[in-house]
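**Student:** Fit chains R, P, A, X and L to the known structure of chain Z by using the hints.
Chains as they are written, first to last, in our numbering: chain Z, 480 to 634; chain R, 480 to 634; chain P, 480 to 634; chain A, 480 to 634; chain X, 480 to 634; chain L, 480 to 634.
Because the hints were derived from the structure by calculation, they are not lab data. There's no promise every hint is true.
Mimicking BS3-like on lysine-lysine, the simulated pairs with C-alpha atoms at most 30 Å apart in a straight line are [what the hints assert, rightly or not]: (1) Lys633(Z) x Lys633(L); (2) Lys557(A) x Lys633(P); (3) Lys597(L) x Lys633(L); (4) Lys597(Z) x Lys527(Z); (5) Lys597(A) x Lys557(X); (6) Lys557(R) x Lys633(Z); (7) Lys597(R) x Lys557(Z); (8) Lys557(P) x Lys597(P); (9) Lys633(Z) x Lys597(R); (10) Lys557(X) x Lys557(P); (11) Lys527(X) x Lys557(A); (12) Lys633(L) x Lys527(L); (13) Lys527(X) x Lys597(A); (14) Lys633(P) x Lys557(L); (15) Lys633(X) x Lys597(A); (16) Lys557(P) x Lys527(P); (17) Lys557(L) x Lys527(L); (18) Lys527(R) x Lys597(R); (19) Lys633(X) x Lys633(A); (20) Lys557(Z) x Lys633(R); (21) Lys597(Z) x Lys557(R); (22) Lys597(P) x Lys527(L); (23) Lys633(Z) x Lys527(X).
Using C-beta positions, here's what the derived DEER-type ranges look like [what the hints assert, rightly or not]: (24) Gly561(X) x Glu518(R): 32 to 42 Å; (25) Asn514(X) x Arg530(A): 50 to 60 Å; (26) Gly561(X) x Glu630(Z): 46 to 56 Å; (27) Glu511(R) x Glu630(L): 21 to 31 Å; (28) Glu630(R) x Gly561(Z): 47 to 57 Å; (29) Glu518(A) x Lys527(Z): 26 to 36 Å; (30) Asp525(P) x Glu511(L): 40 to 50 Å; (31) Ala631(L) x Gly561(X): 43 to 53 Å; (32) Asp524(A) x Tyr512(Z): 32 to 42 Å; (33) Pro627(Z) x Lys527(A): 34 to 44 Å; (34) Lys557(A) x Glu562(Z): 49 to 59 Å; (35) Glu511(R) x Ala631(L): 26 to 36 Å; (36) Pro627(X) x Asp534(R): 52 to 62 Å; (37) Pro627(Z) x Glu518(L): 38 to 48 Å.
Cβ-to-Cβ under 7 Å is the rule here; a few derived chain A residues that face chain P [to be verified]: (38) Gly561; (39) Asn582; (40) Asn605.
All C-beta atoms, glycine included, are put in the ideal place defined by N, C-alpha and C.
Next come the chains, spelled out residue by residue.
6 protein chains.
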Amino acid sequence: MELRPGNLKLRALIAAAPEAIKETIGPMEPIEYENASDEIRAVFDDIKATRGVDDVNNFWKYLANEPRMLAHVWQSLKAIMGEGALDPLTKELIYVAVSITNNCEYCMASHGAAARAKGATEAMMNELYAVVGLANMTNRLVNAYGVPVDEAFKR
Amino acid sequence: MELRPGNLKLRALIAAAPEAIKETIGPMEPIEYENASDEIRAVFDDIKATRGVDDVNNFWKYLANEPRMLAHVWQSLKAIMGEGALDPLTKELIYVAVSITNNCEYCMASHGAAARAKGATEAMMNELYAVVGLANMTNRLVNAYGVPVDEAFKR
Amino acid sequence: MELRPGNLKLRALIAAAPEAIKETIGPMEPIEYENASDEIRAVFDDIKATRGVDDVNNFWKYLANEPRMLAHVWQSLKAIMGEGALDPLTKELIYVAVSITNNCEYCMASHGAAARAKGATEAMMNELYAVVGLANMTNRLVNAYGVPVDEAFKR
Amino acid sequence: MELRPGNLKLRALIAAAPEAIKETIGPMEPIEYENASDEIRAVFDDIKATRGVDDVNNFWKYLANEPRMLAHVWQSLKAIMGEGALDPLTKELIYVAVSITNNCEYCMASHGAAARAKGATEAMMNELYAVVGLANMTNRLVNAYGVPVDEAFKR
Amino acid sequence: MELRPGNLKLRALIAAAPEAIKETIGPMEPIEYENASDEIRAVFDDIKATRGVDDVNNFWKYLANEPRMLAHVWQSLKAIMGEGALDPLTKELIYVAVSITNNCEYCMASHGAAARAKGATEAMMNELYAVVGLANMTNRLVNAYGVPVDEAFKR
Amino acid sequence: MELRPGNLKLRALIAAAPEAIKETIGPMEPIEYENASDEIRAVFDDIKATRGVDDVNNFWKYLANEPRMLAHVWQSLKAIMGEGALDPLTKELIYVAVSITNNCEYCMASHGAAARAKGATEAMMNELYAVVGLANMTNRLVNAYGVPVDEAFKR
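Same shape as in the complex, but just chain Z:
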C-alpha cells in the first residue's frame, strides 16, 4: 500500500513507529555502486562506459534515490549532449550559462570541468561569463522598458 497525502492512518502509524523505523525516513544519502540495485548499476555502468570513467559523479549517486529519474535523466543527457547539430563543447558552455544564471554551484563546477576537458580555454570561459552577464542585464532592461518585439523578428 502506497503512502499518500491525506492517508492519515498510515501517517499516524509512522508517527508512532519505533526510532529504528523512523530513521529510514529522512534526507537522502548518495548510493554507492556496491549498495545499488541491479537497475541502478545498469545506469552507472552505462555512464562509466560512455564517459570512460571509473566512477560516476555525486550527482548520479544522489539521483539514484529515484531510479526512474536516474534512468530518464541519463538517457536524455546521453542522447543530447554528445555529437549532434551542435558540438559537445558548445553544449557544455550553454549548460554552464544556464547554471550561472540559476546560481547552481555544483552545476557550474561539473559542467565547467566538462567544458575544459572538451577544450575550453580560460579565454573562452571568460567570454562565456561576459555574455551571461550581459544577457542577464539586457533581459532586465527589456523588461523595464517593456520593449515591443520588432516586426523584423516576427515571422
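**Tutor:** Just chains R, P, A, X and L now, with coordinates in the frame of chain Z:
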C-alpha cells in the same frame, strides 16, 4: 537642482504642477533618430555601421532614454559579441539560453534572429532548447538533493 | 467535509458531477465590491480610505478569492509601504526593481504608477532601470567567478 | 555532414543559399499528426491512449521538432506523474507551484487544467496560490537575513 | 526624526559618529527570547504554543529585527499552513517545491523537516524532487518554443 | 590562431598537451595589483581613487581575468552609481534588493556594506528586506491569478 527621494518640497511642486508639465513625467517612449540628441545619434550611427543595418532595433531606441547606459551597453556588446575566443554564433546561442531561462520574449526573438543570421539551423536551435531544458531540470535536482561538489571538480 | 488530495471518493463524486456543478470549479474571476462578502468589503473599504481612491485595483479584486490572504497582504503593505525608516517613494522604487528582476508586468505597471504618483521623474526611473540591469549582470559575474566575500564585508 | 559553430564554410554556403532554402531555417512551427514522422506519431499515440484524449496539446506539437526530447520528456512525465508515492493531484499542484514561481503562463494554464480535472477545487487552488506567494516571500527574507540552518534541521 | 535617503545632514552626523554608535548600525543578529520586547515575545509565545515546541527556529529570531513583518508573516503562515482545503503535508511539499526552484537552502531544510514530521516518506520526497525538476525543464521548453495556450485551457 | 568550438584539431592538441600546459587552462584566480597588466592597473587605480580605498574588492580582482568587462563594468557603475537623479544610498538599496531576489550572497554583503557606509541604518535595512519579501510574494500572486493590468496604469 536634482530630484531625490526625500526631497519633499520638489515633489509637492510636481504634484501641484499643471497637466502639461505632469505629462512629461511618465512611461518611456522609444527615441527615433530624428528626435535624438547628438550623443545618442553617435551611438545609433555606430550600431548601424557596425551591423550594416538601416535602423537600430527597438531595444536601442528605448534604452536611449538613458544615454549613459545606451553608450555603455553598446560598447560592451560591441567588444564582447564579435569575433573572439568564442565565435559570434556560439555567443548568440549562449545569449538565447540565458533569455529562455529568464523568460525574456524580446531577447529570445532578437538574439534568436541574430543566431539564425549567423548560421544557426533549426537542428541547432532545437538542440539548444533541449540543453537549456535539461540544465534547468538538473540545476533543481542538484538543489533538492544538496549534492556536494566532487573532489575532482575542485582545484 | 473538506476536499483533500488523496480523498479519492470525493474526487470521484466531482468527476461524475453534472456540468452545472463542475462549472463552479474553475479559474478565478475578480470579485467586485457589489458581490463581495462583508469580510472582503471591510478590506476594500480600508484600501480605498487609506489611498483616497474610488475603487481598488485589479490585484485586490482577484486576491479577494482568498479572503485570508487579502487581509494579510493588505495589512502587511499598509504597515510597511507608508512613512517609515525609508520614505514611500524609495519603497516603491525597490518594489519596481524586484518586479523587473522577476518580469512581473502587472507589478511594474502598478508600482511604477505609484512611484510616479509619489514624485518619481523620468530621470529617476531611467536610473532605477540602469541599476537593476547592472545588478543583474554583476550578480551573475559573481556567480561565474565564484567570488569569495571580502573580509572587510564580514562582521 | 553536420553543421557546427565554427564550421565557417557551411555557414557561408547557407548565407549564400537561395531564399527557398533559407526559409527552411527559422522559428519552429507545431507539428500536426498528419505531418509527423512515424517516430513522432508513436509518441503522440501513446500520449493520446494514456490520457484518453483525441489530440495532444500544443506543447507536444512544438516539442516534436526535437523528437529525442519529445520521447524523453513524455517517458519521464508518464513515469512520474501518474499514481505513485504522491497522488497525481498533488503532483499537478506542485507543477503549478513551480510554474507560478517561474511565471510560465502556458504551464500554469495546462497544469492548472490538469489539477482541476483531477479534483482541485477553487478553494484548493486559492490555498496553493497563497502558499506559493508566502514561500517566495520567506525565501527572500531568509536570503536577506542570511539565516543559518538550525541544528535540528541537520542530520 | 526619521532617517530618509536624501536626508543628508543626518547621514553626515552618522558618518561622524563615534565607533560606539556606528557599531549599532550593521548586519542583523538573531533576537533571543530573553532579549526580546513584549511585542516580539507575544509572537514567539504563539509560535511555540501553536507548534508545541520549546523554542522558535532561527528564521523567526532574525525576522524579529522587523517586528511588523514578524507578526504579519506569522499570522499569514498560521492562517494558511494548517488544516484547510489542502492538507498540511501537501502545503509543506509545495513550500519545498518553491524553495528548490529558488535555491533557498534554509527553506528546503526547514520545510523538508516539516514535511517529514507530517508524514512525508523518502519515496514522496524523491517524487517531489522529480516533479520540480521536470516542471523547471518544461517551463523553459515552453518559453523556447513560444507555445501558445491551447483553446481548451482557456475559459 | 584563436580557439573556437568546432576547431577540433586544436582541441586534440590541448588534450594531448603535457600537464604543465594543461594546468594553465582552468578555473580563474583573482589578479592582484602586482601581477596585473597596465590596462588592468589603470582600472584598479581609478577605482581606488574614486572610492578613496587602498585596494579593490575581490569582485574586481576576479573580473580582471576579462579586462574588457573589467573596464566596461567599472565605467558603467562609475557613471550610474554616484550622484544623479537618485541619490547614491537609494541606488545601493536597489542593488541590495535585486541581489536578495537573485540570492547573490557576495552582492548582498558588498552592496549592503556600501549602503551602510552611505548612511543606511538597521531600521532602513529591515524595511528594505520587508519590501523585497512582499514584492516577491505579490509578484507570484499576480502570476497565479493572471491579473490584467488596470486601465489606469496604461498610457
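**Student:** Determine for every hint whether it applies to the structure shown.
**Tutor:** Outcome of the hint check:
no.: 1; hint: Lys633(Z) x Lys633(L); verdict: holds, 25 Å
no.: 2; hint: Lys557(A) x Lys633(P); verdict: violated, 49 Å
no.: 3; hint: Lys597(L) x Lys633(L); verdict: violated, 36 Å
no.: 4; hint: Lys597(Z) x Lys527(Z); verdict: holds, 17 Å
no.: 5; hint: Lys597(A) x Lys557(X); verdict: holds, 27 Å
no.: 6; hint: Lys557(R) x Lys633(Z); verdict: holds, 24 Å
no.: 7; hint: Lys597(R) x Lys557(Z); verdict: holds, 27 Å
no.: 8; hint: Lys557(P) x Lys597(P); verdict: holds, 16 Å
no.: 9; hint: Lys633(Z) x Lys597(R); verdict: holds, 17 Å
no.: 10; hint: Lys557(X) x Lys557(P); verdict: holds, 20 Å
no.: 11; hint: Lys527(X) x Lys557(A); verdict: violated, 43 Å
no.: 12; hint: Lys633(L) x Lys527(L); verdict: violated, 45 Å
no.: 13; hint: Lys527(X) x Lys597(A); verdict: violated, 37 Å
no.: 14; hint: Lys633(P) x Lys557(L); verdict: holds, 24 Å
no.: 15; hint: Lys633(X) x Lys597(A); verdict: holds, 17 Å
no.: 16; hint: Lys557(P) x Lys527(P); verdict: holds, 12 Å
no.: 17; hint: Lys557(L) x Lys527(L); verdict: holds, 12 Å
no.: 18; hint: Lys527(R) x Lys597(R); verdict: holds, 17 Å
no.: 19; hint: Lys633(X) x Lys633(A); verdict: violated, 45 Å
no.: 20; hint: Lys557(Z) x Lys633(R); verdict: holds, 24 Å
no.: 21; hint: Lys597(Z) x Lys557(R); verdict: holds, 27 Å
no.: 22; hint: Lys597(P) x Lys527(L); verdict: violated, 37 Å
no.: 23; hint: Lys633(Z) x Lys527(X); verdict: violated, 58 Å
no.: 24; hint: Gly561(X) x Glu518(R): 32 to 42 Å; verdict: violated, 60 Å
no.: 25; hint: Asn514(X) x Arg530(A): 50 to 60 Å; verdict: holds, 58 Å
no.: 26; hint: Gly561(X) x Glu630(Z): 46 to 56 Å; verdict: holds, 53 Å
no.: 27; hint: Glu511(R) x Glu630(L): 21 to 31 Å; verdict: holds, 27 Å
no.: 28; hint: Glu630(R) x Gly561(Z): 47 to 57 Å; verdict: violated, 26 Å
no.: 29; hint: Glu518(A) x Lys527(Z): 26 to 36 Å; verdict: holds, 29 Å
no.: 30; hint: Asp525(P) x Glu511(L): 40 to 50 Å; verdict: violated, 58 Å
no.: 31; hint: Ala631(L) x Gly561(X): 43 to 53 Å; verdict: violated, 37 Å
no.: 32; hint: Asp524(A) x Tyr512(Z): 32 to 42 Å; verdict: holds, 38 Å
no.: 33; hint: Pro627(Z) x Lys527(A): 34 to 44 Å; verdict: holds, 38 Å
no.: 34; hint: Lys557(A) x Glu562(Z): 49 to 59 Å; verdict: violated, 28 Å
no.: 35; hint: Glu511(R) x Ala631(L): 26 to 36 Å; verdict: holds, 28 Å
no.: 36; hint: Pro627(X) x Asp534(R): 52 to 62 Å; verdict: violated, 29 Å
no.: 37; hint: Pro627(Z) x Glu518(L): 38 to 48 Å; verdict: holds, 39 Å
no.: 38; hint: Gly561; verdict: violated, 14 Å
no.: 39; hint: Asn582; verdict: holds, 6 Å
no.: 40; hint: Asn605; verdict: holds, 4 Å
Violation of the numbered hints given earlier is confined to hints 2, 3, 11, 12, 13, 19, 22, 23, 24, 28, 30, 31, 34, 36, 38; the remaining hints are satisfied by the structure.
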